[in-house]
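Chemist: Now for the letters of each chain:
There are 2 protein chains.
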Amino acid sequence: MDKKKQTAATWFKDLQDQICNVFEDIEQELSGGPKADLPAGKFEKTEWERENTDEQNASGSVLNGGGRMAVMRGRVFEKVGVNYSLVHGKFSEEFAKQIPGAEESNGEFWASGVSLVAHMHSPLVPAVHMNTRMIATSKSWFGGGADLTPMFPDEQDTQDFHAAFKTCCDTHDPAYYPEFKEWCDRYFFLPHRNEPRGVGGIFFDYLDRKDWDDNFAFTQDVGKTFKDIYATLVRRSMHKDWTPEQREHQLVKRGRYVEFNLLYDRGTQFGLKTGGNTDAILMSMPPEVKWP
Amino acid sequence: MDKKKQTAATWFKDLQDQICNVFEDIEQELSGGPKADLPAGKFEKTEWERENTDEQNASGSVLNGGGRMAVMRGRVFEKVGVNYSLVHGKFSEEFAKQIPGAEESNGEFWASGVSLVAHMHSPLVPAVHMNTRMIATSKSWFGGGADLTPMFPDEQDTQDFHAAFKTCCDTHDPAYYPEFKEWCDRYFFLPHRNEPRGVGGIFFDYLDRKDWDDNFAFTQDVGKTFKDIYATLVRRSMHKDWTPEQREHQLVKRGRYVEFNLLYDRGTQFGLKTGGNTDAILMSMPPEVKWP
Chain A
2 MDKKKQTAAT WFKDLQDQIC NVFEDIEQEL SGGPKADLPA GKFEKTEWER
52 ENTDEQNASG SVLNGGGRMA VMRGRVFEKV GVNYSLVHGK FSEEFAKQIP
102 GAEESNGEFW ASGVSLVAHM HSPLVPAVHM NTRMIATSKS WFGGGADLTP
152 MFPDEQDTQD FHAAFKTCCD THDPAYYPEF KEWCDRYFFL PHRNEPRGVG
202 GIFFDYLDRK DWDDNFAFTQ DVGKTFKDIY ATLVRRSMHK DWTPEQREHQ
252 LVKRGRYVEF NLLYDRGTQF GLKTGGNTDA ILMSMPPEVK WP
Chain B
2 MDKKKQTAAT WFKDLQDQIC NVFEDIEQEL SGGPKADLPA GKFEKTEWER
52 ENTDEQNASG SVLNGGGRMA VMRGRVFEKV GVNYSLVHGK FSEEFAKQIP
102 GAEESNGEFW ASGVSLVAHM HSPLVPAVHM NTRMIATSKS WFGGGADLTP
152 MFPDEQDTQD FHAAFKTCCD THDPAYYPEF KEWCDRYFFL PHRNEPRGVG
202 GIFFDYLDRK DWDDNFAFTQ DVGKTFKDIY ATLVRRSMHK DWTPEQREHQ
252 LVKRGRYVEF NLLYDRGTQF GLKTGGNTDA ILMSMPPEVK WP
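Just so you know, the sequences run in chain order A and B.
Heads up: the first sequence begins at 2 in our numbering, then just goes up one per residue.
Heads up: the second sequence begins at 2 in our numbering, then just goes up one per residue.
Accuracy of the hints is not assured; some may be wrong.
It does not matter which identical chain is used: a pair holds within one copy or between any two.
Result set (DSSO-like, lysine-lysine): computed pairs, CA atoms no more than 30 Å apart in a straight line [what the hints assert, rightly or not]: (1) K211 - K241; (2) K291 - K14; (3) K91 - K6; (4) K228 - K241; (5) K91 - K36; (6) K228 - K14; (7) K14 - K43; (8) K211 - K6; (9) K167 - K6.
Keep in mind that the hints were calculated from the coordinates and are not lab data.
Okay, chain A solo, but in the shape it has when bound (with noise of 0.2 Å):
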């Protein structure tokens, strides 16, 4: 298991650089649009580490590890954060009860993964969330998903990222995409604006139903997946200009991500309560938003 999880994390900080590459390249391509004439941005890098201390935080929970967070502030990508984190320690007997296998485990778990959420300057390409970690107690598994919310939905992006995960999913087991599409369906989901976030995409969890290779492979799959459709949608939208109405838009529905993100999601609502870094988790918020 000590292999595995070092392979799982040495993927997860791969894919972290080869998606701030991809990034960074359509920074550089950008040639048309009202930013245009802004410098190409670059991500900043930082390393964060907390190690040897067995220190409950205000969960009873303790927590070790580090990660690399990078963040774009360019001319394409608004505000854009991938952070990649490996962490260790020990939940407390509350919240072991919630997480497989870690009662048996005596509270240990290990986790790793990669998070994405992009914000665009360009109201008309759509904002992106992305995820894939592995988690382990006295068991293991993997977990993740990517959806997208666009500001205009756009049938012809709408069809090909679900599509790029349908193929990506079909390779791996048929059974895969209408579950986990249908649960991304129910996940991003406002009850109390009764609206989905966006449109979707795929979203899985606990996933340990065959070999690890198989679900290993399955989790690089969706990374690479993402990258590649998210790319193709940047590229075909960035170019063209918009409208002052349409920036408004943008702004407000930008509004419903926060909301989404603070009042209901498991990630976002378990790292600030369990004392997880508040800026690697807080990246994920937009560069600006109104409530008008």
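Fit chain B to the supplied structure of chain A, relying on the hints for placement.
Modeler: Just chain B now, with coordinates in the frame of chain A:
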């Protein structure tokens, strides 16, 4: 008790009008600063009602009643919401356990109050929150408070705000102020940032320790005190110029306000998750926010 409920509700609605009138006066008075050329703001008032339904909402509670939302987007007040409401119904069994006297009332409850959040154009004028309410199950009590969120804390403003509420409290009971001030500091705190939301004020709940008349008189005094002291602070600084850097700081500070309201505020969480009026509840969101 029916007469008391009516008396309290009538006061809350009257307080809403009083506050709206003072804030509209302030809009008229503006004579300097970057927004002086804009037209003076007026409140838009919207009555809402939901009656004669026994339908349980998502939380398993039944909520009937109505209210009057008042919102103004002016030249001093960038966005201010002042909401009056009077609701009644039946808590779910689950929820009734958490509310004093609600198990004995078979879940039946009644609540009326006024709540207010003001976000100002000027980063030199503090944002503010005020709420007062009466709740009845088989017991009845008052709750509420007011707290100030300056973008650039000014010692005189902070002193005067606290002094006004100290005077208000001391008139009723010398024990109130220290207790309610400390409660406010404890409540309006963002653990994930390890920072207070603002400079505090007072916060009280479950107030039924004296006779109803005195509790009601105190609650009225909190509303009046708020109206007078906040108007004083706004008039003190509203004519001043501000810099783009000060405005930027304000937009970032507002992000903390959003984080508090969506992550921790009991009223917001309860309201949104039990099928309350989303427009009224989220009127507290700032008009423009940045997480740079």
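Chemist: Tell me the numbers of any earlier hints that the structure contravenes, in ascending order.
Modeler: 1 and 5
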